[in-house]
Amino acid sequence: MAKTMHENKPAPGKGKPKPSAAGAARKNALSPRIENRRAHHDYHVLEKWEAGIALVGSEVKSARQGRVQLAGSFAIVRGGKVTLMGCHIEEYEQANQFNHDPTRNRSLLLHKREILRIAQHMAKQPGTTLIPLAIYFQRGYAKVLLALAIGKAKFDKRQDIKQREAKRAMDRALKRR
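Residue numbering for the sequence shown follows our numbering, beginning at 168 and increasing consecutively.
Any given hint might turn out to be false.
25 Å max Cα-Cα, derived SDA-like pairs, lysine to any residue [stated by the list, open to error]:
| id | residue 1 | residue 2 |
| --- | --- | --- |
| 1 | Lys342 | Glu332 |
| 2 | Lys248 | Asp268 |
| 3 | Lys319 | Val212 |
| 4 | Lys310 | Arg271 |
| 5 | Lys324 | Lys248 |
| 6 | Lys228 | Arg280 |
| 7 | Lys334 | Arg344 |
| 8 | Lys228 | Val212 |
| 9 | Lys215 | Arg306 |
I should point out that these hints are in silico values taken from the structure, not numbers from a laboratory.
Could you put together the complete structure from these sequences and hints?
Printed below as a string of structure tokens:
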């Protein structure tokens, strides 16, 4: 049976239907979440913040392909602004002469009150560092998960490894039952 023209039109005042949650999840699945795996091994994470990151077009395309290295990167608060340093975003091959510098310092986008709070935490506790835990895309915008962290001593790292191995052994023992 053929459809008439008025059957395909949306209801008056409704406009375009909103995408479902499954559709949004599929779209986010296309963009990888780049994790800083060494962060939890090398640092005690005290507090976390989500910040936007100012990228140029070729950086966005390269980040969507997952070509980002967060190891060794950190953020600093200077002059009321937060800057991500040491983050390596590979050049986008198709951008040719309009490509970006892979190791340039990138501006992080936070509210002024968040920046002040981060600066206060860092001033109050000596030895703290701002490190990126992950870069991901949310509703089309690049985001960075920042963490205020204190470096672990070698003893702490060994203790974490022992705890992890003990947990695995317990899980294996429970699984055999």
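Results of checking the hints against the structure:
no., hint, in the structure
1, Lys342 <-> Glu332, "holds, 15 Å"
2, Lys248 <-> Asp268, "holds, 21 Å"
3, Lys319 <-> Val212, "holds, 10 Å"
4, Lys310 <-> Arg271, "holds, 17 Å"
5, Lys324 <-> Lys248, "violated, 32 Å"
6, Lys228 <-> Arg280, "violated, 31 Å"
7, Lys334 <-> Arg344, "holds, 16 Å"
8, Lys228 <-> Val212, "violated, 30 Å"
9, Lys215 <-> Arg306, "holds, 20 Å"
Of the numbered hints stated above, those contradicted by the structure are hints 5, 6, 8, listed in ascending order.
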